[in-house]
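S.K.: Residues per chain are reported as follows:
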Amino acid sequence: MKPIWTRKEAITKIQGTIIVAVVVIAAVAGGVAWTFTTPPKPPQVTPTTTVAPRVDEVRIGILAPLTGAAAYFGDGMKAMSELLAKKINDEGGIKSLGGAKIRIIVADTEGKPDVGKTQTRRLITENKVHLIIGALHSGVTLPSAQESERYGIPFICDASSHVDLTRQGFKWFFRTWGSDAIFARNYFECMKWMQNKTGVKIRTVAFISEESLFGVGVATEWEKLNVDPEMGGYKLVAYIRHPASPADVTSEAMTLKAANPDVVLSVNTPMPDAILWTKTLKAVDFFPKALMTTAGFIFPEYISSVGKDGEYVIGREGWSIDLTARKPIAKEINDWFKKEANRDMHVYTMQMHTTITVARDVLERAASVDPEKLRQALASTDIAGDKIIPPWKGVKFDNTGQNIYANNFMVQLTKGVYRAVWPEEIATVPLIFPAPTWKDR
Amino acid sequence: MRFGRSTLLYLVFFGIICAVPFVSSPVVTDVLIFCVLYAFVSTAWTIAVYAGPYSIGHAAYFGLGAYSTALLYTRLGVSPWIGILVGIAISSSFALVISYPVFRYGIKGYYYTLTTLAVAEIMRTIFLAWDITGRAVGVWYTVVPDSLWHFQFHTSHAPYVFIGVAFLILGVFTSNAIKKARLGLAFSATRDDEDTAQSVGINTLRHKLTAVAISAALTSIGGAFFAQYTLFIEPDTSMAMFVSVDILLPAVVGGVGTVSGPLIGSFLLTPLIWILRIAFGSEVLHLVIRGVVIIIVVLFAPEGIVGTLGKHPGAAGKILSIIPKRLSSRAHR
Amino acid sequence: MQLDLPIFLNLLLIGLFQGAIYSLISMGLTLIFGTVRIVNFAHGDFLMLSGYFVFWIWAILGMDPLLALPVVFSALFCIGYLTERVLIKRVLGRPTHIQMLMTLGLSLIIQNSVIVLWKADPRYVHTSYADLRLEFGAVAVPFPRLLSFILAMVFALTLHLFLLKTTYGTAIRGTGQDQEAAHLMGINVNKIYSLSFGLGISCTAVAATLLSTYFPLSPFLGASFMVITFIVIILGGLGNYLGAFIAGLILGTIEVFTAYMLSPLLRQTVPLLIFILVLLLKPEGLFGRELRR
Numbered sequence: 000m001k002p003i004w005t006r007k008e009a010i011t012k013i014q015g016t017i018i019v020a021v022v023v024i025a026a027v028a029g030g031v032a033w034t035f036t037t038p039p040k041p042p043q044v045t046p047t048t049t050v051a052p053r054v055d056e057v058r059i060g061i062l063a064p065l066t067g068a069a070a071y072f073g074d075g076m077k078a079m080s081e082l083l084a085k086k087i088n089d090e091g092g093i094k095s096l097g098g099a100k101i102r103i104i105v106a107d108t109e110g111k112p113d114v115g116k117t118q119t120r121r122l123i124t125e126n127k128v129h130l131i132i133g134a135l136h137s138g139v140t141l142p143s144a145q146e147s148e149r150y151g152i153p154f155i156c157d158a159s160s161h162v163d164l165t166r167q168g169f170k171w172f173f174r175t176w177g178s179d180a181i182f183a184r185n186y187f188e189c190m191k192w193m194q195n196k197t198g199v200k201i202r203t204v205a206f207i208s209e210e211s212l213f214g215v216g217v218a219t220e221w222e223k224l225n226v227d228p229e230m231g232g233y234k235l236v237a238y239i240r241h242p243a244s245p246a247d248v249t250s251e252a253m254t255l256k257a258a259n260p261d262v263v264l265s266v267n268t269p270m271p272d273a274i275l276w277t278k279t280l281k282a283v284d285f286f287p288k289a290l291m292t293t294a295g296f297i298f299p300e301y302i303s304s305v306g307k308d309g310e311y312v313i314g315r316e317g318w319s320i321d322l323t324a325r326k327p328i329a330k331e332i333n334d335w336f337k338k339e340a341n342r343d344m345h346v347y348t349m350q351m352h353t354t355i356t357v358a359r360d361v362l363e364r365a366a367s368v369d370p371e372k373l374r375q376a377l378a379s380t381d382i383a384g385d386k387i388i389p390p391w392k393g394v395k396f397d398n399t400g401q402n403i404y405a406n407n408f409m410v411q412l413t414k415g416v417y418r419a420v421w422p423e424e425i426a427t428v429p430l431i432f433p434a435p436t437w438k439d440r
Numbered sequence: 000m001r002f003g004r005s006t007l008l009y010l011v012f013f014g015i016i017c018a019v020p021f022v023s024s025p026v027v028t029d030v031l032i033f034c035v036l037y038a039f040v041s042t043a044w045t046i047a048v049y050a051g052p053y054s055i056g057h058a059a060y061f062g063l064g065a066y067s068t069a070l071l072y073t074r075l076g077v078s079p080w081i082g083i084l085v086g087i088a089i090s091s092s093f094a095l096v097i098s099y100p101v102f103r104y105g106i107k108g109y110y111y112t113l114t115t116l117a118v119a120e121i122m123r124t125i126f127l128a129w130d131i132t133g134r135a136v137g138v139w140y141t142v143v144p145d146s147l148w149h150f151q152f153h154t155s156h157a158p159y160v161f162i163g164v165a166f167l168i169l170g171v172f173t174s175n176a177i178k179k180a181r182l183g184l185a186f187s188a189t190r191d192d193e194d195t196a197q198s199v200g201i202n203t204l205r206h207k208l209t210a211v212a213i214s215a216a217l218t219s220i221g222g223a224f225f226a227q228y229t230l231f232i233e234p235d236t237s238m239a240m241f242v243s244v245d246i247l248l249p250a251v252v253g254g255v256g257t258v259s260g261p262l263i264g265s266f267l268l269t270p271l272i273w274i275l276r277i278a279f280g281s282e283v284l285h286l287v288i289r290g291v292v293i294i295i296v297v298l299f300a301p302e303g304i305v306g307t308l309g310k311h312p313g314a315a316g317k318i319l320s321i322i323p324k325r326l327s328s329r330a331h332r
Numbered sequence: 000m001q002l003d004l005p006i007f008l009n010l011l012l013i014g015l016f017q018g019a020i021y022s023l024i025s026m027g028l029t030l031i032f033g034t035v036r037i038v039n040f041a042h043g044d045f046l047m048l049s050g051y052f053v054f055w056i057w058a059i060l061g062m063d064p065l066l067a068l069p070v071v072f073s074a075l076f077c078i079g080y081l082t083e084r085v086l087i088k089r090v091l092g093r094p095t096h097i098q099m100l101m102t103l104g105l106s107l108i109i110q111n112s113v114i115v116l117w118k119a120d121p122r123y124v125h126t127s128y129a130d131l132r133l134e135f136g137a138v139a140v141p142f143p144r145l146l147s148f149i150l151a152m153v154f155a156l157t158l159h160l161f162l163l164k165t166t167y168g169t170a171i172r173g174t175g176q177d178q179e180a181a182h183l184m185g186i187n188v189n190k191i192y193s194l195s196f197g198l199g200i201s202c203t204a205v206a207a208t209l210l211s212t213y214f215p216l217s218p219f220l221g222a223s224f225m226v227i228t229f230i231v232i233i234l235g236g237l238g239n240y241l242g243a244f245i246a247g248l249i250l251g252t253i254e255v256f257t258a259y260m261l262s263p264l265l266r267q268t269v270p271l272l273i274f275i276l277v278l279l280l281k282p283e284g285l286f287g288r289e290l291r292r
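Chains as they are written, first to last, in numbering that gives the first Met the number 0: chain X, 0 to 440; chain U, 0 to 332; chain L, 0 to 292.
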């Protein structure tokens, strides 16, 4: 084969350079021209007409992490969404739409922002979903919500708590879940209540935060609240920030022990991290008067892994089996889910139920799948608390899309089960504070 | 530099890519954007490989480009285009600073590869802990209406494709130029047998540094592009090891050391990955399949598609043989 | 951070215990490199796989991990042996990036197959001695970790004696030093490759078994240990298993002290910087042999 440069039709260097330059300029110029002269394509997928078109099915897109470290949570979300849709369909579908059936399309975000964004686009343009629910990771929810905002498709956030999500000025974004600011208040309110109830004073606190978007978001809110003398004002004696999935936390635990805080607030997302922390605290023989946690600590596999060592751990939770005693809807759904999916519920399956319940209510009230009508129905949502599992007054969105009634409660692990301990209205057992030291157990 | 049928082929190829967004659905446009992006950064990676051992740390440059652009834009309101230039300056300087001692001390082979991994990991842990870069929260963009100056497009993602293609052309042009020119021969000689090359008077150190710097610069442009598309940058998705692997995979599948290899690799792999993602939505199976694909390529087509086809002239081989191939002085290692 | 004697001793001990695990994993990796001359990027995933073996043996048969050690060791040895014969062998002598990708592809397959099979839930082995603590004055030592350390030392010694005194061991070392000569001496080099790979993998099996007595298991276990492992093998000199042994202990200690005295966030950064420093000043590692490339 003859080398290329001896071929006869070779163009000279200058001509070649000109061609390349022209192509490059043309490409960029084309892009500019495209942007500024093409009328914006209508992003709406369904045109509004005066006569409501017959709607056979309502398509809801679910964004969830089905691969990666959060797959455990995403699996539950997927299961609940699909089973619940089937349940609703069996009950007659969306009545105001003539019994239209709900179809769930699940898209894996892999916990990555770019994948979430593209999947959102795909759900909207290919699968033509009318609503999007998702996406667990705040870092994925943001770009995804930006996409649905652009297309004018309602995005209902079921489980991402970062405060900035409702500060983007989105019109189409609604969050049934609480924000880290709301949840941080829960911690500090509980701490005040603990002191009042037991008479034991809290003077010093420590934070443990993993270096992840969630961890930093949560810990930042703690910091802010602690500076407020009304809500907090405790002395911060240790602030441990470590990367997620460490191979060892002994040094960190020893730092904590040396600082000897009364209360420790901890955010660790992966369950292995929560397990490792618990075991390591035992190994260095330190346990604060109260260890207040969330995420990795509150899932069933944590309990089965740490056994008795997890006793007295307090968790900020959205779901507890105790709810089934207080709320009929909780018991009904819990039993049904356990039977259908053969697994226990957790906070994210609960939230999927809450959010789909809201979606169902919205669809019924809108009696249409027109995006603007859906958005208005969403904005005027006011669902009573007895229709949803969490112990909230209900679901009602403020003008930033945040559910004003969202809240979390505190549970404490006693005798191998997390039981609600705060607020008093839903507590089933008393909160044990201060927790006994390892030696006293 | 001479141009011939191969240039025409490239122009046709790019022309087709630019035409597709006009007729395709938005999802196809999005996948196309990733195809173009990965073809670009993979080409950038290949440039480093021309003169040196294989790096699995290019995520460092990718992330540096992404963060430079993102931070300058969100904190100081500087246009991303200027941010790209700054990113180029930062990452190529960084590459030179890191690589000079590494090459000077003659670190090669697996030692070099592990060094690149270590460097990328160091960058990641630093960016994760540093307040200026937003720690784990990263950098969040505010969405602005479509704008070229702000480098954000939302009504249609087509402009991303055009800009991406422009970058890709730049990358291919550079890759080709480095390969074809006397510089390329020197590079190959440097890589294949450094001692001999040095004895012949080729300043191998300078060549290696040039290659790495150019490679870093181009990769950082890719990172900036990624930032402007995703509008959200965090260390774990812009500087992690899997990013480095995603950068080099198209080149390996397509053919390392070739100009067209990364393009072919990216345009085959990226759609495949997305199809798997969508088809196997709920199964982690698609990652297993990706692993299997990698191993199959490694076992049966280690020279990549372009390399393997080039070695087996048949009708297909002859047609494709006009595509520039490896200029190695020896056929096999 | 305050550093009085008891804390210092505590940190030192934990550092050594942690380092011992790193040493084990790294010895396996460097052994593989010494003979087969590839860096096994799937090493962490074999560690994780071993962990799952240990867990299932415990969950189904109720056998304590340390008792199950011989079984897990042999099982992973066979898996390693077969992996080399079927897959790794095909990329020997090929360019670095090909070998790298082979092991990276393997890593993807192993890790995600485990997730497909057993989900991403964490697992934890409960042993009867998990909560024992030995106290020497103000210094307290968790028993499982002390036990792991002792056993790790025993294993390292055994490995050392094996490589030094036995025929196979000498063959492995010889092949590592000079393939041609080994071949000429009548050593079946191919078989040695498979044996070394198997042995390297079974080192991770031992590490995983010891880890399982106090560390939770998940499909992402490998990721937590691999970066440090790479640093250790460079520090110790690629191919030098004694160097890896010592370097592991050193790095484990450095990591623990860094986390306590500086910040947990720098746990990995400081070792990584040391890595680069060593590479620049003494690339053959602290104890490595002369670089012949």
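Hints may be right or wrong, so weigh each one.
What the hints assert, rightly or not - Here are the simulated BS3-like pairs of lysine-lysine, each with C-alpha atoms no more than 27 angstroms apart in a straight line:
#1 X:K86 / L:K118
#2 X:K307 / X:K100
#3 U:K107 / L:K281
As the list claims (entries may be wrong) - From the derived model, a few chain U residues whose C-beta atoms are all more than 10 angstroms from chain L:
#4 T73
#5 I89
#6 L147
#7 I168
Rather than coming from a laboratory, the hints here were simulated on the basis of the structure.
No experiment lies behind these values; they were computed from the predicted model shown.
Note that CB positions come from ideal geometry on N, CA and C, so glycine has one too.
S.K.: Confirm or reject each hint.
M.R.: Now for the hints, and whether the structure bears them out:
With a C-alpha separation of about 26 angstroms, the suggested pair X:K86 and L:K118 falls inside the 27 angstroms cut-off, and the hint holds. Straight-line distance between C-alpha atoms of X:K307 and X:K100 comes to about 46 angstroms, which puts the hinted pair past the 27 angstroms bound. At roughly 13 angstroms between alpha-carbon atoms, U:K107 and L:K281 fall within 27 angstroms of each other, so this suggested pair holds. U:T73, annotated as away from the interface, keeps every beta carbon of chain L farther than 10 angstroms; the closest lies near 23 angstroms.
The claim that U:I89 lies off the interface holds: its Cβ sits roughly 19 angstroms from the closest Cβ of chain L, which is beyond the 10 angstroms cut-off. Consistency note on U:L147: stated as away from chain L, and its beta-carbon is indeed over 10 angstroms from all of that chain's, at 38 angstroms minimum. For U:I168, the non-interface assignment is confirmed: its Cβ lies about 26 angstroms from the closest Cβ of chain L, beyond the 10 angstroms cut-off.
The structure shown violates just one earlier hint, number 2.
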